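Put together the whole structure using the sequences plus the hints.
Those sequence lines, one after another, are chains A and B.
Mind the numbering: the first sequence is residues 1 to 312 in our numbering, read in order.
Mind the numbering: the second sequence is residues 1001 to 1312 in our numbering, read in order.
It should be emphasised that the hints constitute simulated quantities derived from the structure, not laboratory data.
In this text, all values refer to a predicted model and were calculated from it rather than measured experimentally.
For every residue, glycine included, the Cβ atom is placed at its ideal position computed from N, Cα and C.
Take these hints with a grain of salt, some might be off.
[Claimed, not checked] Straight-line alpha carbon distances no greater than 20 Å define the calculated SDA-like cross-link-like pairs of lysine to any residue that follow:
| hint | chain 1 | residue 1 | chain 2 | residue 2 |
| --- | --- | --- | --- | --- |
| 1 | B | 1155 | A | 158 |
| 2 | A | 110 | A | 166 |
| 3 | A | 155 | B | 1185 |
| 4 | B | 1307 | B | 1291 |
| 5 | B | 1155 | A | 226 |
| 6 | A | 155 | B | 1186 |
| 7 | B | 1110 | B | 1172 |
| 8 | A | 307 | A | 122 |
| 9 | B | 1110 | B | 1084 |
| 10 | B | 1110 | B | 1153 |
| 11 | B | 1030 | B | 1041 |
| 12 | A | 155 | A | 167 |
| 13 | A | 155 | B | 1158 |
| 14 | B | 1110 | B | 1120 |
| 15 | B | 1030 | B | 1069 |
| 16 | A | 110 | A | 120 |
| 17 | A | 155 | A | 248 |
| 18 | B | 1155 | A | 187 |
| 19 | B | 1110 | B | 1167 |
| 20 | A | 155 | B | 1187 |
| 21 | B | 1307 | B | 1127 |
| 22 | A | 155 | B | 1226 |
| 23 | B | 1130 | B | 1038 |
| 24 | A | 130 | A | 307 |
| 25 | B | 1110 | B | 1175 |
| 26 | B | 1155 | A | 186 |
| 27 | B | 1307 | B | 1296 |
| 28 | B | 1155 | B | 1199 |
| 29 | B | 1155 | A | 185 |
| 30 | B | 1155 | B | 1187 |
[As the list claims (entries may be wrong)] Here chain B is said to cover these stretches of chain A; the calculated rule only asks that three of the stretch's residues, wherever they fall, bring their Cβ under 8 Å from a Cβ of chain B:
| hint | stretch |
| --- | --- |
| 31 | 149–161 |
| 32 | 189–196 |
| 33 | 225–237 |
| 34 | 244–251 |
| 35 | 256–267 |
| 36 | 294–301 |
Protein chains: 2
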Amino acid sequence: MSEPDNQAFDQGQHGHLVIVGGHEDRESSKEILSRFVQLAGGEAAVIAVITAASRVPDTMWERYDTVFRELGARDIVHVALPDRATANDAEQAARVRGCSGIWMTGGDQKRLLAMIGGTLLDEAMHGALKESGACIGGTSAGASAMCGHMLADGKADLLPEKGSVSLGAGLGFVQRVVIDQHFSERHRLARLLSIVAQNPYLLGIGIDEDTALVVERGVGIEVIGAGSVTVVDGRHVVSNVADIAAGGTPQMIDVRLHLLPSGSSFALPEEAGQQNQLQRATGAGDMATAAPPAPPALADFVRIVTKRNPRS
Amino acid sequence: MSEPDNQAFDQGQHGHLVIVGGHEDRESSKEILSRFVQLAGGEAAVIAVITAASRVPDTMWERYDTVFRELGARDIVHVALPDRATANDAEQAARVRGCSGIWMTGGDQKRLLAMIGGTLLDEAMHGALKESGACIGGTSAGASAMCGHMLADGKADLLPEKGSVSLGAGLGFVQRVVIDQHFSERHRLARLLSIVAQNPYLLGIGIDEDTALVVERGVGIEVIGAGSVTVVDGRHVVSNVADIAAGGTPQMIDVRLHLLPSGSSFALPEEAGQQNQLQRATGAGDMATAAPPAPPALADFVRIVTKRNPRS
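Encoded structure:
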């Protein structure tokens, strides 16, 4: 997989990802949704709500239309997707391409991808992120759908289990990671380790409920909300996973685990001999100006998750 | 804390620890209890059962007396401890000193230590391990009690929590570790991380139910039973734990985690320039002759957990 280096953007439009572990607060502080609206432009935001993951899309639309309005957004559109053909509708795709914020609700990420993967709508979302620096947000299924290798199905209750969890092709706003949600609440470390054992190329990201990993591409990351983000780095692992039978528990030696509670923020470390152009160019706004550079053990994760990729 | 190097033992009597995560099978295969009896000498074993952790000591005694007899042991004695004075009874201590196997039941490890910590009985157990190469086994509370820094109290449900878990002084058959039990079943990683965050000197060991970490001192380790042993090494961690308020979730970057399912076995790596005298001297018997040397990331753990200490 070839990946271009992070490049400087015009006008500080890096694009943001707001990756939410489900059950984000919509009643009291609304911290996460408020940040999403703010990153999408606040009162000037033009927001698309994609409900295709859900079997009750109208309920989802009403829920987020209400809360985004409460948070000051005025231009909000429901991307209703009764079928895959609609996701290839050029007019609707063009509307989404023009949005400054795109929100994906919960539901089932397989359903979402079956509906929009590879369509004009998919292209439009990547275009909005890449060319216009839009903010892409997603919660629960909408969070899992953001990576290239999407956690599709399966569980591992108490211990990792070979072959128990399947991957699918996700939207690919971020590559080389796999995202799980409702992480601490549903005790999903064993499930994430199941994937990482067999796919050490992927860094595992587990996001708690009412918690978001906010990514400013090319700049840095921040964790907001009530819980934590857990990162599982299996690249150094010594394992017997290739040799054991399906259903067995793999031996895993030297998993690197990072626990990033709400309030954690890290800037992309400056490469030796060069300054971080993005930070210097943009100056104001996000976490990047205040955040410390990621310590060495976390630096690769920050590089990977803030990286642009061929499509976006 | 000064620690002597592992020394060669006479007659291959290294001493074993059988550290069990609770709910070991007593009905069908009895794999773990069978191993304990075997390491204690099989039909020739002289076994003491210490029930002081439990509030129903007679029930516990009957339970283990029955199963140890079923497994071939013939000389089994109940170390009944109605009070602390009894734990200082010289005659009883001398009997325990002569045992080849000492078993500690479940219950409450604080109760166990309050009863026997620092008594003649405690001395006798260390003597049996150190001088006679006895096998010390313990399940649940009896497992937690084995280390020098004993997990005493407290919980952390979903995420690590500063100050939520307290340590006490344990029996100290193994130093520089902290042992938790019922580990995967009760989702205790957050609790173990709570300790390791504040005590990175201690390696965390989480043992699943019906699972044992078998330690042959100076030689190697083996995991037997139904589940896994999880090792949490926080020695490289970058954390803010010193700066956050009690109850807060510490940031933890670069926790090293090892998952050792049943069937895992590792020999103490040979030090550069010298052979492992113990392995060579003993030849027969345990896991050591067949086990591969621990890979570098796990080597320190194996060194620490197989090490003799000043008392035993």
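Evaluated hints:
Between residue 1155(B) and residue 158(A) the CA atoms are separated by roughly 18 Å; this keeps the pair inside 20 Å, and the hint holds. With a CA separation close to 11 Å, the supplied pair residue 110(A) and residue 166(A) stays within the 20 Å bound. Among the hinted pairs, residue 155(A) with residue 1185(B) is consistent with the structure: their alpha-carbon atoms are about 15 Å apart, no more than 20 Å. At roughly 17 Å between alpha-carbon atoms, residue 1307(B) and residue 1291(B) fall within 20 Å of each other, so this suggested pair holds.
At roughly 19 Å between alpha-carbon atoms, residue 1155(B) and residue 226(A) fall within 20 Å of each other, so this suggested pair holds. Of the supplied pair hints, the one linking residue 155(A) and residue 1186(B) holds, its CA atoms being roughly 17 Å apart against a limit of 20 Å. Proposed proximity of residue 1110(B) and residue 1172(B) is supported: the alpha carbons are some 14 Å apart, at most 20 Å. Note on residue 307(A) and residue 122(A): the hinted pairing holds, with a Cα-Cα distance of about 19 Å set against a maximum of 20 Å.
Annotation: proposed proximity of residue 1110(B) to residue 1084(B) holds, straight-line Cα distance about 13 Å (limit 20 Å). Taking the CA atoms of residue 1110(B) and residue 1153(B), the gap is about 8 Å. The hint holds against a cut of 20 Å. A threshold of 20 Å between alpha carbons decides the hint, and for residue 1030(B) with residue 1041(B) the separation of about 16 Å falls inside it, so the pair holds. Distance restraint check for residue 155(A) and residue 167(A): the Cα-Cα separation of roughly 12 Å lies within the 20 Å cut-off, and the hinted pair is therefore satisfied.
Taking the CA atoms of residue 155(A) and residue 1158(B), the gap is about 18 Å. The hint holds against a cut of 20 Å. Taking the CA atoms of residue 1110(B) and residue 1120(B), the gap is about 18 Å. The hint holds against a cut of 20 Å. Using a Cα cut-off of 20 Å, the hinted pair residue 1030(B) and residue 1069(B) holds, with the two alpha carbons roughly 12 Å apart. With a C-alpha separation of about 18 Å, the suggested pair residue 110(A) and residue 120(A) falls inside the 20 Å cut-off, and the hint holds.
Distance check on the hinted pair: residue 155(A) and residue 248(A) sit about 13 Å apart at the alpha-carbon level, within 20 Å; holds. A hinted pair counts as satisfied when its Cα atoms are at most 20 Å apart, and residue 1155(B) with residue 187(A) qualifies at roughly 15 Å. Under the criterion of a C-alpha separation no larger than 20 Å, the hint pairing residue 1110(B) with residue 1167(B) is consistent with the structure, at around 10 Å. Of the supplied pair hints, the one linking residue 155(A) and residue 1187(B) holds, its CA atoms being roughly 15 Å apart against a limit of 20 Å.
Annotation: proposed proximity of residue 1307(B) to residue 1127(B) holds, straight-line Cα distance about 16 Å (limit 20 Å). At most 20 Å may separate the alpha-carbon atoms for a hinted pair to count; residue 155(A) and residue 1226(B) meet this at roughly 19 Å. The hinted pair formed by residue 1130(B) and residue 1038(B) meets the criterion: a straight-line CA distance of about 18 Å does not exceed 20 Å. Among the hinted pairs, residue 130(A) with residue 307(A) is consistent with the structure: their alpha-carbon atoms are about 11 Å apart, no more than 20 Å.
Note on residue 1110(B) and residue 1175(B): the hinted pairing holds, with a Cα-Cα distance of about 18 Å set against a maximum of 20 Å. Between residue 1155(B) and residue 186(A) the alpha-carbon distance is near 17 Å, which keeps this suggested pair within the 20 Å criterion. Of the pairs offered as hints, the one joining residue 1307(B) and residue 1296(B) holds, with about 17 Å between alpha carbons and a cut-off of 20 Å not exceeded. Restraint check for residue 1155(B) and residue 1199(B): the C-alpha separation of about 16 Å stays at or below 20 Å, so the hint holds.
For the hint linking residue 1155(B) to residue 185(A), the alpha-carbon distance of about 15 Å falls within 20 Å, and the restraint holds. With a C-alpha separation of about 10 Å, the suggested pair residue 1155(B) and residue 1187(B) falls inside the 20 Å cut-off, and the hint holds. For the stretch 149–161 of chain A, the stated coverage by chain B holds: 3 residues have a C-beta nearer than 8 Å to a C-beta of that chain, and at least 3 were required. Residue count for the stretch 189–196 of chain A with a Cβ under 8 Å from a Cβ of chain B: 3. That meets the three needed, and the coverage hint holds.
By the rule of at least three residues with a Cβ nearer than 8 Å to a Cβ of chain B, the coverage given for the stretch 225–237 of chain A holds, with 3 such residues. Only residues whose C-beta sits within less than 8 Å of a C-beta in chain B count toward coverage, and the stretch 244–251 of chain A has 4 of them, enough to reach three; the restraint holds. Residues of the stretch 256–267 of chain A lying with their CB closer than 8 Å to a CB of chain B number 8, which satisfies the three-residue condition for coverage. Counting residues of the stretch 294–301 of chain A whose CB falls under 8 Å from any CB of chain B gives 3; the rule of at least 3 is met.
Hint compliance for this structure: every hint is met.
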